[in-house]
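Protein sequence lines, in the order shown, are assigned to chains A, B and C.
Position 16, counted from 1, in the first sequence is what our numbering calls 16; the numbers after and before it change by one each time, with no gaps.
Position 117, counted from 1, in the second sequence is what our numbering calls 462; the numbers after and before it change by one each time, with no gaps.
Position 148, counted from 1, in the third sequence is what our numbering calls 753; the numbers after and before it change by one each time, with no gaps.
Worth flagging that the hints you see were computed from the coordinates, not collected in a lab.
Being a predicted model, the structure only gives us computed values, none of them experimental.
In this text, a Cβ means the ideal position worked out from N, Cα and C, and glycines have one as well.
Possibly wrong hints are sitting among the right ones.
[Claimed, not checked] What follows is a list of derived Cβ distance ranges for each label pair:
id, chain 1, residue 1, chain 2, residue 2, range
1, B, LEU361, A, ALA277, 55 to 61 Å
2, B, TYR441, A, GLN285, 36 to 42 Å
3, C, ALA719, B, PRO493, 19 to 25 Å
4, B, VAL448, A, LEU82, 28 to 34 Å
5, C, PRO653, B, VAL448, 57 to 63 Å
6, A, GLY140, B, SER588, 38 to 44 Å
7, C, ALA719, B, VAL433, 48 to 54 Å
8, B, SER588, A, LEU82, 43 to 49 Å
9, B, LEU365, A, GLY320, 27 to 33 Å
[To be verified] On the chain B side, residues computed to face chain A include the following (Cβ under 8 Å):
id, residue
10, ILE453
11, PRO455
12, SER494
13, GLU548
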Amino acid sequence: MRRRLVGLLGSLVLLAVAGACSRSKEGAQQAGATDAGGTQAAAQPTRVKLALNWVPEPEFGGFYAARDMGEFKRHGLEVEILGGGAGVPVVQMVASGQVEFGIVGADELLTARARGVDLIPLFAVYQKSPLAIMAHASRGAKGIQDVLSSGTIALEPGLPYAVYLKKKYGFDKVKVVPYDGGVAQFVTNKDFAQQCFITSEPIAARKQGAEPSVFLVADEGFNPYVAVVATRRELWKEQPERVKSFVAAVREGWRAYLENPAPANGVMAKLNTTLDAETFAAAAQAQKPLIETEETRAKGLGTMSRERWETLGRQLVELGLMEKAPPVDEFLLPEFTQAAGKTSP
Amino acid sequence: MKTASVHAALAPLGALIIVLALWETVTRAFSISPIVLPPPSAIALEASRAVESLLSAALSTGRSALVGFGLSAAVGVLAAVVLSSSRVLERALYPYALFLQMVPIIAIAPLLVVWFGHGARAVAVASFIVSVFPVIANTLTGLRSVDPSLRDMFRLYGARRVATLWKLELPASLPHLFTGLRVASGLSVVGAIVGEWVAGVVEGDAGLGILVLASNRQGNTARVFAAVLAASALGLMLFGAVSLTGERMLRRWHPSASGS
Amino acid sequence: MLDGMDLDVAAGSFVALVGPSGCGKSTLLRLVAGLDKPDAGTLTFSPPLDRTPGARSPIAYVFQDAHLLPWRSVLHNVALPLELAGVPAQERQASAHALLRQVGLGDATSRYPAELSGGMRMRVSLARALVTRPRLLLLDEPFAALDELTRNRLDDQLLALWKELGMTVLFVTHSLSEAAYLAERVLVLSRRPARVMLDRQLALPRERLPALRANPEFAREMGLLLQALERGEAP
């Protein structure tokens, strides 16, 4: 929620940058392409930027692992990771060329495409959405429908899965208030429920002595990819090798992180001092089953399927968040639905 | 009189048309992404599509802002009167009023939730906190700037404290008071919107602040702009009402209103 | 500021105070009015004044600037002293009307000070000063900011009001000719610390007509005043 609060200010600040910058950035990319096109890894590594849409947390562990374990370097890239936080407008930053790669939600990518912004997805960290609703266990709720039948719930305004839940169950029996990014209200009020990220708020709430029940929204039938690496179509057209290298490095970084999250957690903990080492470890553990699934074992980490994107498109149109679903073939490149040449077993 | 006000309206209207035309052509010429800066045509289109939600949100925010403004006016004048009654009191309490003004409302808002719960009441209080200080400051200046000779005259005729306050100090400070109210009018809308972000409700009686957040979350930049413009319109309406009232009350005797 | 002043003013007399700027004439007036407190000395009124707050003030003060309340109409400005004394609305408005007619502004009662000329505003100020039928009228260079013609007219107006109402008048001015024209008795003060240089009962006819200013007697009295003034100015 906090990320949205300042988000509009961030977008508005990008006004001046947008028009001028996208042109000059393209110029720079051209130069870079011809530069590295000839020679291979021996040349200077290309500098690229990756913008995160939240503060460094296990959600982004694989990216930091890719950087610190040299995966990016091995693929001829020098990656600057821009930690996000409240209100970083990643979609706008990638679209305007301010950064080469960014982490966005699948729903954001589709709604941007529907407005003519040509972003393409490359790698989906979460195969199962980690977004959830948490309520106090003492309420005895068996599912989200029970949670929505009384009390108060904190939701980010405009959140697609909130719109989904409203359509499915209605909000007339519950008081909906703005989500504030924390758990303070939850901990002090037994009738208070809120949206959460399964790796984050429930752990924080337990630390403060509360007992939350967590219900994944994915289990209600709304399961977009989350933490999706995206880039501009132009970059893919001009430097496809660069993009493929980036994704390959990311995949290896995530493989490494899943096996041993401790090093990257240490790095991130220095950047994000609000969480302690114990929480980092717990979160990294909790998110594993959402990242590594049957499908990723078969096709590689971060893989994406047509069906999932088609379903999401259909759902967003049904929810009134889009007029028309962008055709999947226009943006889902075969290179990224099947991990070509994965380097680890 | 009529032609004067028509002429007065032409200048800003002309400027508006030029700005809109420039905006439209620039966004198209430079192919600026619609999610960064939408052209006015897109904003108008989105506004027409979302008319219902825009209007109900505007009503909700407007109500809270009006209550907040009313509180600022009443409490502000009262506080100014109290502070003007004694230099010691003023020196003691003024810094706290100033402090209240300086603390960002975003930081206070969670406290408002604790005290008032989520909803219109907390939002109105946020609106009040943000807009009260200019009323206090300006009215206090007005009260302190009363002509000392007039004070002498009241003293000479044996006027009691209340009579001096009511018949001399308050009327004399009216121009300053209205300056403060004009500033407070715009701020009350800002305060309501920021208050909604933390202390408002998201469903049922959602205001423009919530609509702005939701539109942004859904990548609907055109609707963000539409909501922001609606908020500005609210502020303008309140400002206009205050200015008109001030003008009527000051017309016969204060140079600021006679417009010569 | 003022040093060793010993003054006796007869009831109903018209006394003018002249002196160089800053000598303390205004201060003296303010002390008499009770607006300032003296460091030493006494002020005695005989018979004693009724100074209880809320009662009609027996002292009226006219400032150099008319000092009208701009947000009130002329009528309500004049009625103000009675209003502060608790006089009911009908009575005080009737008194205000009457006085405004006397100063020639009977038609302007619903106008506002901003709409009036300087001279008219001063007349309203006079009317306001007299609405309580004061025993003592204090004026501090009231006509100094007005042009010559208006000034002369208001001088005559003041004289007429004094003749009719019979209050004691203390008139501060730095114009010798105005002092000589208006007053029965003129006090010339020196520069600070002020002493009385001259205390003169003017040898002029009781009836003060504009033609008096051309009179040789007038010039003679003026000369005496001027001499005293010059002596008082000298270091």
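Status of each hint after checking the structure:
The hint said 55 to 61 Å for the Cβ distance between B:LEU361 and A:ALA277, and at roughly 57 Å that hint holds. Range check, B:TYR441 to A:GLN285: Cβ separation about 49 Å, and the 36 to 42 Å hint is violated. At roughly 21 Å, the beta carbons of C:ALA719 and B:PRO493 sit within the given window of 19 to 25 Å. For the pair B:VAL448 and A:LEU82, the beta carbons lie near 30 Å from each other, so the given range of 28 to 34 Å is met.
Between C:PRO653 and B:VAL448 the beta carbons are some 59 Å apart, a value that agrees with the proposed interval 57 to 63 Å. Take A:GLY140 and B:SER588: their Cβ atoms lie about 57 Å apart, and the range 38 to 44 Å is violated. Checked against the given bound of 48 to 54 Å, the beta carbons of C:ALA719 and B:VAL433, roughly 36 Å apart, lie outside it. In this structure the hint that B:SER588 and A:LEU82 lie 43 to 49 Å apart at CB holds, the actual value being about 46 Å.
A hinted range of 27 to 33 Å for the beta carbons of B:LEU365 and A:GLY320 is consistent with their spacing of about 28 Å. Checking B:ILE453 against chain A: minimum C-beta separation of about 13 Å lies over 8 Å; hint violated. With 8 Å as the threshold, the beta carbon of B:PRO455 comes within range of chain A, its nearest partner Cβ sitting at about 7 Å, so the hint holds. Hint on B:SER494 is violated. Least Cβ distance to chain A is approximately 51 Å, over the 8 Å limit.
For B:GLU548, the shortest C-beta to C-beta distance to chain A is roughly 4 Å, which falls under 8 Å, so the interface hint holds.
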